[in-house]
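A.B. asks: Now for the letters of each chain:
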Amino acid sequence: MGDSAYSFSLTTFSRTGKLLQIEYALNAVANGRTSLGICAKDGVVIATDKKLSSTLVDLDQVSKIQKINEGSGFVYSGLGPDYRVLVRKARKSSQSYHLQYREHKPVSQLVKSTASVMQEYTQSGGVRPFGVSLLVAGVDADKSPRLYQVDPSGAYFAWKATAVGKNYINAKNFLEKRYQDDMELEDAIHTALLTLREGFEGEMTKDNIEVGVVSQADGKFRALTPDQIQDYLDETS
Amino acid sequence: MSRDSNYDHHISIFSPQGRLYQMEYAFKAASSASGLTGISLRGKDSCVVVTQKKVPDRLMDPQSVSHIFTITPQIGCLATGMIADCKAQIQRMRYEAADFQFKYGYGIPVHVLAKRIADIAQVNTQSASMRPLATVCMLVGVDDERGPQVFKVDCAGHYLPFFGTASGAKEQEAMNYLEKKVEEMKDYDADQTVRTAIMCLGSVLGSDFRGSEVEVAMVEGKTGRFTVLTEEEIDAHLSFIADSDA
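Residue numbers (the working numbering), protein chains in the order written: chain A, 213 to 449; chain B, 47 to 292.
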């Protein structure tokens, strides 16, 4: 990537030892729409709001939550176009893993390779870091549910519950109060919806949020349909 | 040198607030460069694109001045912004569509082409060596499975499906006009779709126009081809609109 004319890194150290482009990329993430995730003892849930600029947008065909392989899914906060690049690379790497090993790429491996790509863009010539933080939900090879956050720097962390994007500090405080280690997936989904509602401008409906779940039982990631979301919304109110 | 953050205005790197100035400037160029407004709309089984036709000089051949392009016989595109950048993007779209047809043996669906072009546009916002193109494209076509589709692809690499949308100088006013009609638009037949698009343009420009001052193109039905309307056909619609207002 990058032209030979730009064979030098654009992300360089400042006098104080900081990589400013990465910090600025994190600011771009903090301006994005909120996303959050909760890791329960028997599954993982990720959720985000889907509000778009105009009622003219055909929301049915838009989704931020993307399945990467059978057992893993992504959601993001930040720049949408950058996210699509990462989704595509993650899907290709999953297929390539499957071609070689005839097994689904475990979520921890997927996170490592995606994070590695993000790190490359902080060091390669002629490119800027990705302006997204990813939340990755999956069930790992040892059948344990996992939630990871991957930042523009390429650093990744496993979380019990986390939020990124606008209002993430309030969301994380809310999650910290409500999280319990023995939480089940159904509780986690309810908590996720309540947390999302906290910072939501306007009325939260089945059509302006997205929820993705993966349960330990079947190890398959799926995005909930609006009707399924409505059922959960009815239960929480 | 890039840590000076004075370069964030020159190439595609982040500003301290996390913004991409080059991308924002590309948007500005795309809306104000040509001064034109473009509108696209979808009805029950057809989609339409409409834009102004401003021929800068009377000596110019009017047929060579157009912002509406055919990508495949089934897919058309209205490209607003700097015309040279528009043409470059259109050429790439035609290539991608032809390559898809060659590899897979069937015509590229609108949403696949929109995503492909959007992904290509995104590269210019992340790589310093090329600037983003100052174009906003609206792709229209009728999909086998999904019906009429309108996709807007912008300088940043965003692409979204719309019921109706606009780009260019009077984008916001046009979107406001369309938002009021969004529910009824879903049931419009071909003629209603065309007329609403023309009326929207007339409303935001605040003046009437003749058939030679607008370009209109549409795709009708699943087997429909992307066709550019002739001046006579446009005049017929304009008369119908004038009569129903009077």
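Don't read these hints as lab results, they were simulated from the structure. In this text, a Cβ means the ideal position worked out from N, Cα and C, and glycines have one as well. There may be inaccurate statements among the hints.
Claimed, not checked - Pulled a few chain A residues facing chain B out of the computed Cβ check, cut under 10 Å:
#1 LYS263
#2 SER265
#3 LEU271
#4 VAL297
#5 ALA327
#6 VAL329
#7 MET416
#8 LEU445
A.B. asks: Could you tell me which of the hints above the structure violates, numbers in ascending order?
C.D. replies: 1, 5, 6, 7 and 8
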